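Novice: For the protein sequence lines, the chains are X and F, in the order given. For what it's worth, my numbering labels the leading residue of the first sequence as 1, then goes sequentially. For what it's worth, my numbering labels the leading residue of the second sequence as 1, then goes sequentially.
For the record, the hints were derived by calculation from the structure and aren't laboratory data. Take every hint as true, because none was put in to throw you off.
Listed next, the in silico EDC-like pairs over lysine to aspartate or glutamate satisfying Cα-Cα at most 16 Å (straight line):
no. : chain 1 : residue 1 : chain 2 : residue 2
1   : F       : Lys621    : X       : Asp248
2   : F       : Lys621    : X       : Asp244
3   : F       : Lys621    : X       : Asp226
Computed from a prediction, not measured in an experiment: that's the story for all the values here.
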Amino acid sequence: MSTPLLLDREFLATLEQVTLLCRNDMSGPVGADHRSRIHGAGLEFADYRQYSYGDDPRFLDWNAYLRLDRLFLKIYQTERHVPVRILFDRSASMNCEDGTESKFLYAQRLVATFAYLALLRLDTAVVVPFADRLNKPLSVSGGRASFWPVLEFLNEIDSGGSTDLYRSTKEFVGNFPVRGVVVIVSDFFDEEGCARAVEMLQSAGHDFVLLHVHTQEEQRPSETGDLLLEDVETGALRAVECSDETADIYERRFLEFSTRVQRMAVRNGGRYARAVTNVPYQDFVLQGLRTGRVLE
Amino acid sequence: MNWLTLSPIEIAGLWAAASGVALWFYLHHRRPVRKRVSTLRFWASAESVPQLRRRRLREPWAFVAQVLFLLFIFLALADPRWGIESESRSVAMVLDTSLWSQMRPANQAPWIDQVRQSALRFVNALPSGDRVLVLRAEADAPPVLPFTTDRTALRAAIAGVRPSNTIADIPRALGLAKSALAGSRRGLLVYVGPGMLDDQQEQGLEDFRGTMEQSKSAAPGSGDRPQFLVRLIGDQRPVENRGITHLALRRDAAQPDHWHLLADLRNYGLGRSPVILTVSVGDHTLLQQAVLLGPGESLSTHGEFTWAQGGLLKAEINPPDALDADNRAVAYLPSFSPVNVAVFSAKDGLANELKPVLSTNPYVRAEYLSPGSVPAAKPDVAIYDDATKAAGLSSNSIVFVKGKPLTPPRSVRVLGWNVEHPVTRWVRTRDVSVRNPASIETQPGDLVLASAQGNPPAALILAREKDGHKQLILGFDPRDSNFPEQAAFPLLMAGALEWMTHPIEDTSASFSAGELDLTASATRIVAPSGHDVLFAREGQDIRFVASEIGMYRLISGASETNLAVNTPPLPSQRWQPNASEEASIAREPFQRTGRDLWKWFVVLAILALWAERWLFYRHRKRQTSSEERVDEDKLRPRQSSEKRRGSLLHSLRFFG
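Full structure from sequences and hints, please.
Specialist: Below is the structure:
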């Protein structure tokens, strides 16, 4: 099978310099590159504190004892493993574009990017496709050498089904109770809304990122005249007359929607980034996600 | 303004058709483009389409307004009126397209074109509601167009009139036109043409003017007062034209192939005019004469020529003038072929009695032979004095049968001449008596031409047609009668020879174009152009209108007669119209009392068009705004519930 998802080498090399930001209160096995608020064995100095009985004498600062005649203990930041789970929306709405750059492909590349970033930091990357429910996930770890299965897995995913974000999130929280970074790559066109799903992630303690992927056509329709629109997920039909005025109203509502999703994410402690498919995904990753404080 | 003046049925038809087209556009031109989208939640104007195949009007009131707009437009085009509709005027137009309209004066348009242009100008000056009848000025010519308000058809009819070869009967045509206007309250009678009259027509025109004045004075205000107008074409200068008015030929009595020609020429102009008359058959010129015609002079010219072959004789005068049609004339010249007669008789027999009769007939070549001899040329008619030798001959024959002598000898008077038969049609005498009449046995088909006095009378002269040959059987010997001494004997012999061979045509006359009344038999008449001519038969007479110049063919079974038709003498006096006849069209008395409604229908149509646009866009705007409102309503509770849930979770977390 061909692999159109292959990220170009230059981009992958660029990703070496990029770090996926996450909250520093995440717990996990020690050993990865993620700094945490938990102090312990580590390479990076964090602070001093007075020695108390029972502390490991290896971390005593003997130079300070010689100068001040008091025992101080050097405290280091512990670097821990933070699992990165990527929820990938594979519903039909992600792949209904005709002739333009596919939203589905764009989302696949973003998923692959986040998986690669996780593997770079020796974290565990879990790719979890979902539509109206959670599908079989792929969990990889062990560095960049495990990236190839991710691409194969993404290639085998087909779009289809309607979006049920709440149900999928509910199943996700049940299956992955350990806190971690959760990246949801979706268009968030869920008729039921995404508020409950976001609240559920927040209450489960995950550090989540909402990546809102959409096309320019979805933001502002370019066609005018009488249109008979068919919802690819529900099959519902609507006859509309699209004019400049209608397109303005449409765009205004779309922006209101995306703002609402963004507020919802921020309010619940998450992050939000909006990806338009006419922007090259490299630019979005290296610029848009940095601006959104998703990457560093 | 010239409206379409549609009938109610035409309005309904056009309206229905236009409404159908508008409905089609309403149903079809807004067929939406199908498109698959990821969500419908952001579309402001949305409408559920439960069934794709079913089309329905999305803006029914706008469509109704559109249909009303179309109705008002068509009503406006129909030019309806509020009030009395009978106020429209009836116009009878007499177009003079007679022979004079073929005039092509130098430096002027042909008169027929001037007639058409003048008629079109007149029609254009008429109000659109006037009904116009177009008549020709020629005798018995059918109307060009019946009463109509269709200006397109009227102009086409006027443009399509062609000049004829007959002369006009202007008073008669005006009388017909006036009769056609008798039923209408308002009328207009107009003559358009060169206005050429002869003395008789001039008198008839004065009488017509008198009747017009009487109708005006007799019933003033009654409405039966047609206005009489005259539109003359051409200038008032005398016409410069010369023409052949008559052509006749007579065969010389002593020399059958010699002809006497009589040609009547006329100069219609006011100057002396020398012409050369040329008579020819085919390429062979028979006669050429120089004639000097004085001003307005009619001159008969005579000429002689010898021509035995016959054919179509043409007479032509030169130099040509503005009217070419009367510069030539035609006549049919019959051919000359003598009748060969063989007389079989014993020496000093019948031949002596027949010689004086046959030798004086220039059309007969007689040969006297003894019985049993062979003639030099095959005879057309054989004459026998012996019935036994005449039997079985295969040619036309005249047989004298000698009877047995009576005892005592006595004479029998010959009676009962059949005047219907060509042989005895000229014989009326009761003085013929014969001795020793023979007893002739009659056969079926025989015609008894004369009988011997008796009780019952015995057949004495029989005409018999058998095996394609004709026989005349006379039951007496001319030497035993006083018949050869009677003047009826050569007439009987001439009649017998003509009956058995062919009639003798000793004259050839031509006729003038127009209505012809002839004594002839015909089952079909073919015009010079090759078209069949309608004709009426009344007894032995036939009547038809010869509108072409040239040779007509009268066909009756196997025989055919040629009839030459030439231009008639033309009327040459110009009509002098008075001031009222040259006046313009009276408009005031003929104003229609009905009020024009088309303006109001135009206003209504504009309102309907505005309403259609307003309804159409109001519907769309309302639909858009309502959907916008619905969408806002859908979003608002969702936001509030999200807020509520968020607050609750925060509270639980806080308390937890």
